[in-house]
Structures are given as C-alpha cells and as structure tokens.
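Novice: As a plain string of letters, each chain reads:
There are 4 protein chains.
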Amino acid sequence: MRILIKNGTVINANGRQQADVLIDGDKIVALVARPGDDAGVSDKAGAALLALGADEVIDATGKWVIPGGIDEHTHMELPFGGTFAKDTFETGSRAAAFGGTTTIIDFAVQSKGKSLQEGLDTWMAKAEGHAVIDYAFHMIMSDVTDETLPEMDRIVDQGVSSFKLFTAYPGVFLSDDAAIFRAMQRSEKNGGLILMHAENGIAIDVVVAQNFAAGNTDPYYHGVSRYPVFEGEATNRVIRLAEAAGAPVFFVHMSAKDAVDVLMAARDRGTKAFAETCPQYLFLDLADLGNGFEGSKFVCSPPLRPASGGHQQALWTALIKGDLYGIGTDHCPFDFEGQKELGRGDFRKIPNGLPGVEERVDLMHDGGVVAGRITPARWVELISANPARMFGLYPRKGVVAAGADADVVVYDPNRKHVLSAKTHHMDVDYSCYEGREVQGGSDVVISRGRIIVKDGEFFGKAGDGEFLKRETAHWVRKN
Amino acid sequence: MRILIKNGTVINANGRQQADVLIDGDKIVALVARPGDDAGVSDKAGAALLALGADEVIDATGKWVIPGGIDEHTHMELPFGGTFAKDTFETGSRAAAFGGTTTIIDFAVQSKGKSLQEGLDTWMAKAEGHAVIDYAFHMIMSDVTDETLPEMDRIVDQGVSSFKLFTAYPGVFLSDDAAIFRAMQRSEKNGGLILMHAENGIAIDVVVAQNFAAGNTDPYYHGVSRYPVFEGEATNRVIRLAEAAGAPVFFVHMSAKDAVDVLMAARDRGTKAFAETCPQYLFLDLADLGNGFEGSKFVCSPPLRPASGGHQQALWTALIKGDLYGIGTDHCPFDFEGQKELGRGDFRKIPNGLPGVEERVDLMHDGGVVAGRITPARWVELISANPARMFGLYPRKGVVAAGADADVVVYDPNRKHVLSAKTHHMDVDYSCYEGREVQGGSDVVISRGRIIVKDGEFFGKAGDGEFLKRETAHWVRKN
Amino acid sequence: MRILIKNGTVINANGRQQADVLIDGDKIVALVARPGDDAGVSDKAGAALLALGADEVIDATGKWVIPGGIDEHTHMELPFGGTFAKDTFETGSRAAAFGGTTTIIDFAVQSKGKSLQEGLDTWMAKAEGHAVIDYAFHMIMSDVTDETLPEMDRIVDQGVSSFKLFTAYPGVFLSDDAAIFRAMQRSEKNGGLILMHAENGIAIDVVVAQNFAAGNTDPYYHGVSRYPVFEGEATNRVIRLAEAAGAPVFFVHMSAKDAVDVLMAARDRGTKAFAETCPQYLFLDLADLGNGFEGSKFVCSPPLRPASGGHQQALWTALIKGDLYGIGTDHCPFDFEGQKELGRGDFRKIPNGLPGVEERVDLMHDGGVVAGRITPARWVELISANPARMFGLYPRKGVVAAGADADVVVYDPNRKHVLSAKTHHMDVDYSCYEGREVQGGSDVVISRGRIIVKDGEFFGKAGDGEFLKRETAHWVRKN
Amino acid sequence: MRILIKNGTVINANGRQQADVLIDGDKIVALVARPGDDAGVSDKAGAALLALGADEVIDATGKWVIPGGIDEHTHMELPFGGTFAKDTFETGSRAAAFGGTTTIIDFAVQSKGKSLQEGLDTWMAKAEGHAVIDYAFHMIMSDVTDETLPEMDRIVDQGVSSFKLFTAYPGVFLSDDAAIFRAMQRSEKNGGLILMHAENGIAIDVVVAQNFAAGNTDPYYHGVSRYPVFEGEATNRVIRLAEAAGAPVFFVHMSAKDAVDVLMAARDRGTKAFAETCPQYLFLDLADLGNGFEGSKFVCSPPLRPASGGHQQALWTALIKGDLYGIGTDHCPFDFEGQKELGRGDFRKIPNGLPGVEERVDLMHDGGVVAGRITPARWVELISANPARMFGLYPRKGVVAAGADADVVVYDPNRKHVLSAKTHHMDVDYSCYEGREVQGGSDVVISRGRIIVKDGEFFGKAGDGEFLKRETAHWVRKN
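Chains as they are written, first to last, in the working numbering: chain A, 236 to 714; chain Z, 236 to 714; chain H, 236 to 714; chain Y, 236 to 714.
Calculated from the structure, these hints are not laboratory results. One should not assume that every hint holds.
[As the list claims (entries may be wrong)] Keeping only pairs whose Cα atoms sit at most 25 Å apart, straight-line, the calculated PhoX-like set for lysine-lysine is:
| # | chain 1 | residue 1 | chain 2 | residue 2 |
| --- | --- | --- | --- | --- |
| 1 | H | Lys556 | Y | Lys349 |
| 2 | A | Lys347 | A | Lys696 |
| 3 | Y | Lys279 | H | Lys279 |
| 4 | Y | Lys361 | Y | Lys349 |
| 5 | A | Lys556 | Z | Lys651 |
| 6 | Y | Lys279 | H | Lys241 |
| 7 | H | Lys713 | Y | Lys713 |
| 8 | A | Lys713 | Z | Lys651 |
It should be emphasised that the depicted structure is a prediction, and the values quoted were computed from it without experimental measurement.
Produce the entire structure from the sequences given, and follow the hints as far as they go.
Specialist: Take a look at the structure:
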C-alpha cells in the first residue's frame, strides 16, 4: 500500500516545511519538496516519486501533515474503587484515533504481593488483539521490595522502560520514601524512568476525613481537600530523593502552581526533573466540581484547581518555556450513571478519573495554537514528539520523516466542531467539555500506513495495533 | 547541479534519521529512507530518485549530515579602538566555511549622529561581492532618537530585524535606560528584536580607572575590573525594562553565573528573555588573561570569568535545559602583533575581541557531545537551528529538510584534529585554543548547493554568499 | 526637674516590663519594679526612690510608657518644584510632638555645584532655634565628585553620618551608577551609610512624557507612570552596586512588592541591605490618586501602589519578619490650595510629598498592633528603637532605660480619635487620612525631661530641640 | 538577700546601657544610671538606692552584666540505644551554671503507647530536687493519636507549651505526615508550639543500610549517610504541613544549608517558621567524624556537615540576619568509654549526642562577638532573650530589667580560657572542643538572686532549681 500526501504543510516539532509525504507499507519513505516560487528544481524529484504510483493520493491543500498524536498517559480498563475504567483497549484506542492519536502508553499494574511480570502479562492480554492503534506500557509498582527491584531490569528488557510510583493513595498505591528512593537508585542503573504521582496522600487523607466528618460529602470536597500545597510538597520531596539518587524523574499530571514552582527551581539548578500536564488542568477548574453531584464528573486526582490560584497561568508559562514537557490525558473514564454514582453522599467513593483521550489534540490546538499561546511546532512537540522522545519511541514515532512509522494525521487547522458526549467515540456517558466548540480537527488518520479514520469514518480494526517495545530513557540522562 | 548524500545519519534539532539527501540546485529537494532492517519498502522510492541521476554522489557512511552552522554573532572588519577586526568578509566567511558554518549574522554599525541606513549601507558594501557564504545583519544603534526610532521600521523592512544596544562602553555605544526602553517599545511594534550587551559599563569604568591608577596595567586587570555582578545587574535591568515595555529581549555573549541566574528567574516568570553564550565562556577562563601581556590574546568583553565562580557550570546547565538558546562566537579577531599590542602597558587600549568563527562547531561538538553533556540533536539546535529560528531564517536555514536551502555539512563525529594558528584559516596570528585537540570535523561543506569545502580544500568563491533578508521575530512573541 | 512615671507598662523593642520610670533632668535615671504579686521585694527600692521627691508624678495606670518616636525621614521647608514644603522646623516638629515623636531626622540638601558643607549649614540654620524636639540630619548629595567625596568624611565627623542619593529625578537629584558606586566605596571607609531613593527615574520619565503627550494629565497618571517594576529594578541595581563596593545600603520609602522581593533575596544571601517603608504605602493605594485633581493630595514618589498588586501584603510580611527595618514618614507637606494646584492640568508639576509626621505612631499602632499584625514591642522597635539604632542615636534615644535621654511618651493604647485636617497640628490644609478613626494616642510627651505635650496641650518651646550628632553606622557593618 | 552589681555594662538583646543593677530576693528591682560624663543627675537616685544597703556588692567594672543564658535544648538522662545520657539534672545543670546558663529546657518523653502525662511525670521526677538552676520541659510525642491529641491541651495547661516531633528515627520517634499535620492543627488551637527534628529518616535508613552492607562501619559513615538534602527535604515538608495547618513551627538543631535555604524562602513568604542551630554545627564539621572510631565522639543527628558545602556560612548568615532564632545545644552526653563504644564496628549503634551545655555561651561569644560576626546585643538575644521569648519565659527570664527574675551573669568579655574535659564540669569523659581557647567567661552567675558560681567556685545547691511553667507561644502567632 502506497500513499502520497500532497500539497500539505508538514509540521514537526522543529518547524514547518512545504513537502509531499510518501508512505510505502508501514513507513514514511520520502519527503519531497514541491515545485514552487523558489524551488522549481524539485519538480523532477516529485515527478519521479509520483511515477512510482500511489494507491492513494490525499490532497492536503490548506491542511497540516503532522505526526500522529501520542497520549503518554491512559488507563484503559483500570480497576478502581470496585469498578473499571469504562473504555477497553478497543473502544479507547478507537476514540484516540478519532482524535488524531495513533499511539497510547497505558499503565500495567502490579498487584500488591504479585510480581511485576504478572501485572504486565495481565495488561498485555487486555490490549493484545484489541487495540486499533499501537500501544506501549508503563508499569505501576505497588510494592518496591528486594524481589521487585531486580525484576525491574527484566521489565525494562521487555520494552517497558518506565515505572510509576505514588505518594498518594495510602494503603493502595502509596510508596514510602524508602521505596521511592530505592526504585530511583535502581532505575538510574537500568534506564527505567521513574514516574511519580506526587500528592501527599497521607496529609490529604486527614483533611478528607475531617471534611467528611463535618458533613461535607459532595464532590466539591474532593477538590477542596486535596490542597495544592500537598502537591507542591510531594513534588519537592520526590525531586530531592531523585537528586539524592542521582536519577531523573518525571511527574505525571502536574496540576498546581505549587508544583510548577518547585519543578522550575529544580530544573534551574540542573536537576533532571520533567513533567506533563493534562488538558483538564489547563481548561477546567475547581468550580466544575461544584453544582452538587454533577461535580462528580470532574473528580480526578490531583483535582481541578481553583481558578484564582494562578495555577493555569503557571502551567501555561511552564508549557510555553519548556519546563512542562508533554501533554497526556490521564484518560480514565467512568460513566456518570452507575459508576460515578457510587460516590453519592460520599465523595471518597467516587471513582477518580476523567475521559479525555479523544479531545487532547484538538483542545491543545484550540487553546494553545488558536489562542496564540504556542506555535504549531510547539503543539506538535507537546502532543507527539516529546512523548515519543521521553518514552523511548523516537524517531520511530513522533515525527513526519523518512524512515519513521507512517503514523500521520492530516489536520485541518480551521475546521470547527463541538465536543459532546453525543458525538464522541469514547465509551462514557458524558463529556467534560460538553458543548465547547474547538477549532481544528483530524481529517485523515494513518496508523503505520493504514488509513484508519477518514472524514469521520472509521476504517481501522481491533488488533491492528501492536505492542511497542520502548527504549530506555538514555537521552533523559544526557540532556 | 544535483548532489546525492548517501548512507549518512541526518541530524536535525529534533533528532536523527537514516535517510539519503537529494540536493538539486540550491535546495534540498528530498529526504529518502534507505532500505534497511525495517524498511525494505523504501527501496523503490530510493531507486526512483537515484534514477534521476546525480552530478555528485557523496558517501556519508559513518558520518552525520547536518544543516550548515549559523554563527549569529560575528564582527568582520569592525572598527575598534583605532584599528579594525582583521578578518574581512572574505577571509572570515571562508574560515567559517572551513569550520562547518554556512551563514553568519554580522553587525552593521550606526555611527553616532548618522542614520541607521548609512550604517547598514556601509556594511552591505563591505560584505557584498566578498562573502563566500550567506550573510545577514543585525544593526547596532549608537543613537536612539526621535529620528532613529521610526527609521528602525524601515531597517526591519530591509530584512535586518534585530537591533543591538549596549549598557557598556560609556561614551561610545552605551545607551541609557530611556533609550533602551524606547527602542524596546518600538521593537515590540515592528518586530525587530532588541539584542543587548549587558554589563554596567559605568560602574566598570570606575573600577577600571581605579585599577589603572593603582598601576595594575596588565591584560589580567581587564578581566578583574569587569565584575560578574556588573553583568548580572545590567541583565536584570534590561529584563525589567523589557517587562515594562512588553517586549522580548535577547542577550548576546552571556558569560557570568550572575546573569544566568537572572535570566532563569525571568524565564520562570514567563518573560520572553533569551540569550546566547560563546565557546570562549565555556572553555576558557580568567586565568588565560594572566601570563603577562600574553593575556591580551584573551581580552574580550564581557571578559573570561574566574574558574572558581561556578560560571561555566551555570552556563552549561542553562545550555542543557534550554535557558541559553544558541551559540555565537562574537568573532572579532585582532592580531597579537600590531593590534593587541596597542594596549601594552595599558589594558584599556587593548582591542576587545577574539577569533572564533572557525572553531565554534567543533568545540561545541567536542566539549558538548563528546563530553556527554548534550545530544547530537541539541548540538545541531545550538549551532544552527536555533540561530535560524531566533533570527528569522528558519526553515530556509537551520534544518536538513526538503525545501530548505542546501546548506549542508557532512560531519565526521570521530575525526580528531588539533586547533592551531598554524592551520586555521582565520586571518589572525594566534589561536585561543592553540594545541587543543578536538573530536569532530566538517568533511564536506555545501552552501546553497555548491560544495565549497571538501576534505580540507576550498572550492568556494568570494561573492557567492548572498545577503539574507530576515523575517521578524514573530515566533519569539508567541513562544 | 524630676518626674516619676508610675504604674505604667514600659514597652521597649525587646518586650514589656512593669516598672516605674524616674526621670531626673534630661535623663532617665532609674527603672524600678513595683510591688506586686511576685515582687514585694521592690517595695523598699520604690519607697527609697519616691523619698527623693518628684516634681511631677504621672500616673500611667493602664497606659504604656514608650520611648519617644523617631521619625527618620522628614523634609521640613524642602524646596521642590518652585515652592517649599509647608511645615517649618517649628510647626513640623511641634506636630511631630503631638503625634508622640520626639526626634526627627531631616535632610540637608547640597545644591548642585556647591559644597556639602554649605548645604548642611543652610539646613542647620533652618532648624536651630526653631525645633521644639531634637533633630538630626541626613545629607542629600546632588553631586558626587572628586571634591565632594573627601568632603563626606568631614560631614560624618560633624554627626551627619548618612548620605542620600537618588536614581530618580534626572537632572535634579539623580546620580549615575558611577556616582553611587564611588559614594558607597567612600562610605564603607568613613562609616557614612548610603540612603537610596530607588526608582529608575530615566525610564519613568519616558512613560511620564508618553502619558502627558497622550493627554493623561491628571494626578492619577503620576501613579500610573511610575511602574512598580522601575522601583524593583533600581533597588536591585543599587544592591548590586553595594555588593560590589562591599558597603551596606539603606532604602528609603520602599513601596513596591518588586522592591521588597529584591530586598529579601539580597538579605537572604547576606547582603547588608536595609529599608524603611512609610505609613502611606501601608494604608493608602493608587485609587487615592484618582477622583480628578483631588488625587493631587496623594502625589508623592514613589507613588501609592495599586491595591491589587500585593504590594501592601509584601510590605507587611517584610515588616513583620524583619526585612523592613523601620518606619519613616517622608513628611513633606504641600497645601492643596496654592501648592498642589501648581500641577492642575499637568501632573508633572504637582509638588511631590505628603504630610504625615504627626500620624505615624498612631497609624502604626492602629494598623499594626490593634490589627493584630505586630506586637507592641515590635511597634516600638519600628517607630523608635530601630531608627535610633540604624542612624547612630542608640541607646541615647530609642529606649526607655536608665541612662537614656528622657524622651518618653505615656501612650494610651485604647483611646480612639479621628484624624483630620481640622484637628491636626501640621501646617497643611488637608489630611491623607481625613476621617479615619485610629485607636491609640500619646497622652504625655516628654522631650529630654521636659513635658511638651500633655492631654492635647502644648508646653514646648521653639528652640528647645537640639541638634544631635549621630554616630557612624558601625553596627550595620557588623550585623 | 540584696545584691548590687555596680559599674558594669548591662547588655540586653536591644543594646547596652551603663547602669547599676539592684537585686532584692529573687528579683531584679532596679536599674539605675550611674553618675558620669553625661548624667550627673543620677547621683541622688543611685545614692538613695545604695542607702538601702546591699548584702553583697559586686564590682563589675570592665565587665558585662547579662541575663543568664537559657539553653532551650538539653537531654539530661535521656535513654538512647540501651544507655542513658550521662549528665543528670544535677550534674548537667551545674555544668550549665558554670557556663553562664541559668535555665535549661529539657525534653520529657512520652513512651509509645503511654500517655503524655506519664512521660511528663517521669521527667518531672528526674529533675525535681536535683536541678541547681531553673528548668522547663518540652514534650516529645511518640504517638499522635485520638487519645494524645486532646491530652496535648492538658500538658499545655501545666506549663509545657511545646511538643517535639520527628521525621527521623523510623520505628522509634518518627511521626508520619498525618501525625505531624494533626498535631499542628491541635497546637494552633492550644498554643503549644510544634518543634521538629527534620531529617528524612526513612531515606536515611536506606543509605545507612547500604553503607553498612558495603562494610563502611566507621563513625564517619554516620555523617556521610545522612545527606544534607534529606534535612532540606524534611524541613520543606514540615513547613508545607505547617502552612496547610496554619500553625507556626520551630526547627531544632538546624544544620544544613539545604534546610536554611528552605527556611529563608518560607519566611520570605510570611510563614511562621523558626529555627535554632547549635554550636557544633557552627564550629565543627564532618572531618571531625573521621579519624577512625575517635569520630564517635562527634556522632549526633543531624550530623556535622561537610566543611565544603557552605553549611556553616549559611548558618551564620541566617543567624546574623535573624532567620535563625536562637542557640540551643542538644546537650546529650555519652562517655566515649563504655557508651560511644557500643558502636564499635557498627556506627548505627553509637549513641547519638554530644556534650555542650557548658560551652554554649562562651563559644558563641568567642566565635560570634569576638570574631566580629555579631554584636554583643545579638549574642545576648541568641543565648538568652530569644529562647525566653520563643518558649514563653519572657520577660521573667531573658532580660536584665526591673521586675525580671534575678538570673544574671557578670561576664568578662576579655578573659581567655581553654575548653577541656580535664576542666569542664559536665559528667562526660571528653570534650568536643578539647584544647580550644575561647575568649569570654562567666565570672559570677546568679540564679534567682542566689550567687551560685563565683570565680570558678560553685555555691549552688541541688534542688534549688524550680520547674518553670511556660506560657503559650502567643507572640509567635502574632509575629
């Protein structure tokens, strides 16, 4: 199968170029300059390539040709609080594809007392044969022990080169400082990057209990109880442990100005600390958690932050100047009916998580590029190139270049559409952005040379997505 | 003329790819994946392109194919202290080419009381017909007045979209804070970026006079008198003026930790402050200014900093994490004999400036990439892509991509050679790095499709270099 | 004349004590514990002292006995913009006394081109024979030259051990960085502390001119034009010069958060930087400058700051923790009628300055102690002890202790009264706090053993105030 | 008993005065100015007082009269690692007296699972009838539970208004973040200040185990294993918890620059965070832990810090500018023979603690005042006034003032003597400062009106020291 994308503007993380893109099989095989005001010379080259014949020619006039999005943070089918995140690898990856995302990195979970391998095997089984786009895994470690520490090396060898630990969720996922520190020491040797959910869960639980005891049972108190300062504290703690261990560290879903300040200070002194944020922290706020139990739709951790605290501004500043590295979604959808409702009258029982894998690329385009905050190139870097670089997929993924996987999106930067549960493809009964109009949309989505979405129609197939063995994060150690 | 560069590793600012590069005329027209372990598919595309025939096929096996270097800061033929920087646009640009640099951005100087246009015309005349590689200009403003402020707009229109001001050199180039502030306000409107030499020259002159009066006349006292804190102070002052004016600002030749700290703090709060440093501040230090009058070879401003002050470490940290944006040389060579000697017995009379245009690319490769501090991609970003982006030349320059100018270097990352005045091509009688062995060298240098250096031989021609009209720094305002 | 103050609570900077205070002549000669729950032993001591007989016994039951206030910053009869600050040393010092202040430190002004001595002599003549309380002088230097630098030493010898320089008022008082730096170097040797008015006057004048040209002529634009960042910038610049000179520095009338942040950072790294603020920056804001030309009543420099910028909070934090050292008033009153009115239609012509010498002690009590921000001891430190310590008057002034000058105030911490031009004693036709009720007032004011105010009646005499020769600021160098 | 101290210079935290001090019973009853150059007027007052007759007249000509030292941090008879700190309340308080200290605040320890009251009762019994000077207690909480939280209020009511918690010593004293946070919330209400030993003991134990496993068993590895960054981290964590709880916090024995930086930043933003340091961190360093097992003499926690890390400079800067509040000793002596030796071959078993209660006042005079770092007044503030203010003993203690307890030291600022185990009065077989000559010594020590040390002879009596009920730290909340 040979595809030629003509007349588009190719946008990579390092800028734009006017070039046609030739795909052959699952790879991009050539980028060719078009005849133009200043480059009549390329005529022959283009002609030669065209002469090869293409099975499909896509006219991208007025469109952008970008690398497929990479969502570095999803939780398909995650068990949480007695239920499961609603999207399966099939439904979730299909929704991702509609949204211009061609790779997800999900989280395999080690169950307490079990081996890492068992956790990985379980998640491999969930995804294999179901995902419609390529996928990879991070590994959530529930125990850091003399058994699991050496096992980390073997997990890295299997292409799962990052491990997530938590300072939150005492009794469930929380690792104490010794566990974090030891895992960091090990990761420095095996190249497995440590990812952190940084909130002081122990202190949070005190406030949660106090609020609940005081009769404050609405979803809003989920947000109120998890102070921004608790994220800032845990972020600093983890950074200091990383400095002591001489290891890099990556923070997932950074949400609070308190944490951004700490991150910036660490980076200024040369610490290899990195972070992502998620669209919900850029576009939603604590007020969304109000409105009675409706707010449960917006319950996630860390919580949406108060509009008045300067949190969103801090996140944008960090995104623009480079201290925030990428955009994941923490996609973890629960239906309002039947799932979120488990926490009626007790915000502690609301499953934590929001849907978002489908909306990430467009939200960042609309709120970032259209709003004038970032350039198109920086947008591509945040949604695709940097996730690939940070997590050992680059330059196979994350770039439109000769030799890269043919994960390519023809993106219309002008098309407007409305986000809604009525039209989205995620398997969840509400949208966090219901009714919001965004500018920008993925017209054609190509996954390893196969057109899987075109003009709103799905042509992909469950099981076509492959597991990606990721390299270790060596560049993180060098840069 | 059609050139095919085969079997090399293309390295751009955003990473590496295995691809062949086809040049036709003065443009890169295609990048084509090679058949390989994972991409047999590209066979036909490559074959088709090859079938076009190439006038010259360069085998880059084991080599890197990088965009030609861009030295954003040179001073060819600059008048200073009664003499002139020794390199002409011809000798200097040829030396640049030997060092893998295919574009220089020099500084046209407004004479006090004259129009900007006269200054620009003078420098245009110096370069035209002489440069062997492409060149552009920044504009040094000696007066900021009701006449020159509106004239800035017209200079921008001519493709000179940056203006350099000084807080140093009282009575010569120094602009007071009103001048700087007004120029910033104007630049915010016309898109002309303000470049700053930030040292508190007024305070420095007090110390200079005191040292001279105390009989401290050696070159070493040039370095001693210009306190690092005076650079830090001026940097902060200029940043605050930029914040007040709502304009971005770019610092040339940042050298002191004091300034880096200020820059980082500004960027953390979202200020659009940018900076370059130069190889001499990364690889040389105050001790080089000792050794009697020999030290005059190392007299430049800002001066080389004490080894003990953490200055180099601060610069590297900033380079690695992104707070320093690019590498220029401030190339401004004076012969030791006859020129530097003007300051025997009076360090105040030593012409300020060092040679360096030829050594920049290799020094940064050796001290950056080989030393394990930065990746090859970051190296390319610092020496080529970022100078192009910051100064309105991107993506015409600074990237190996279809459609870009065919300014391409085939770089050998393993070849070792020794820097020396005996072998360098700059027209100056000493080298700041005499005897230093560096790893990495430019084997083939192509300027707009013409091979001008190959295996140490020069094939270029004076006058082949063209003046580049630069775009305004719009992205700086957005990012 | 012997006075016994009985039954009061003595409050010094280091805390409170229950003791009677015996004054003999112009000195405090003893503090004696009273018989009480825990100290029957003191009965005899008290009895013995009482047996000496007192010409006047003041019952301070329920009152505080504090050292007389020291206003370290006043401008009596200052020439400014073609007129003079309205209060003479007589009227101004009398108003000060009513407000519980028994010492002022005013500013003698060197006229450009004249000697420091001439300036000092002029101001000595203005005060001598007229002041009703003790007074001292700082010296404003309009020129820093080879003549005035050595003259500084002789001024210090005369008990004028501090010199004020300006980065504001170009063409009038502004010193350039060389002047400031040289004066600091000299002061480090002669013990004369450098005081700074830190605003970037050169940049301010650009904005002033632009606002005026745009037709913004109201007093409000005085405030708008003098950006807080310009105070922050100048403060940092001066601190860096002080660090380079190895000299301490004291900032007068600090008003902007931008400056406070810079001050705190400097102090954190061990720089001997100190500052005062004034009541107007704690209790008034930019909005007071609105309301048409009424705002002229509030025109001073630095200007009142926007309520929204966090300026007052920053000042209070610094006051509470110790980074702001004392409270002066910058008392410099101009009548609204006839004086402020000089600037109708042109805010640039409004004389700069506010009345305040009378209200300082009470405002700081009301807004500081009563509001729960500071302890009574800290209040005394700010209004009396610290000004005395910083400016070489301690322990002669600034403390209620045996051996100190008998400058004592019996203060009623509960008495409420209303500030108003109708009732104040300053010679100016308006009050900045018109109608504001404050809690706390000076019932009895004693100046060197003479009761000069009692229950609202004045018993002092012009000329009873003496010139105070101040010691050099040696402790500032040690602490 | 009436004592008159004549001709001395009284030094309090707020400065010096020339005054005679009259003591009657256990109180200071009067300070009286002496006739002199400027105060002949006091003749009669002095004469009247003298006429009362004094049982003892002490001539303090050339000496300083200061408030008795207050050591806010001692551990007499502390059980640790299977042994007990060697000094009893009798021997330890006698040694304190010889060193010019007239009050100690020791730590009562709650045993895990027992009530706070039992712990307090135990320590009350240890001290009562044995101490030769006055004493008070902090309370160490080993459990923070629903039982002990309300019990805190009752402990405060008994005059024990501070509670110490640890982030160090996992399994022994360590409190988790929930415990610390809840105790802070309670303390905010009952006025009991939380004291913290802030080191991340959980991370430290990982490094300790790794070092021990690697065969690094010498005392030196005690110091090496407890990274400075672990103190910095814990300090930040605790401060953030305090901010979340809205409570003040006090750090004991701050030792690392990392912690000082965090403290300064917190104070700059207005947080009520306070700290002490100890002489050992100012005058000793990690190298003292070397020299084989001899280093065990210097084993304490936090450990002595590396000389090269800027730690001592940071502590001095903070002491000078006010961010460190007082000086305690953490006096906790163990004999080298028989006690420190428990850890031969295993540094983990060396009892933690150093002797120091006797040397504090002189070391701070010698290294602070004589060395020119601080003024005599600041010295008195650090060793006496501030401990009294912070811990609810002021103005009964900590000041030479009419009405205060007659805890007075006649101090010779010129006398030199040599610190040595041969001559000291602490019951421990070595000195950390063996052979160090210091300038300054306590000639006469008066405890509540009784002369207990005079010219090196002891006149005190076990049991004369009284338990001091301390007030709550209300001022800490206000300042």
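Novice: So, against the hints stated earlier in the document, which numbers end up violated here?
Specialist: Numbers 1, 2, 5 and 7, in rising order.
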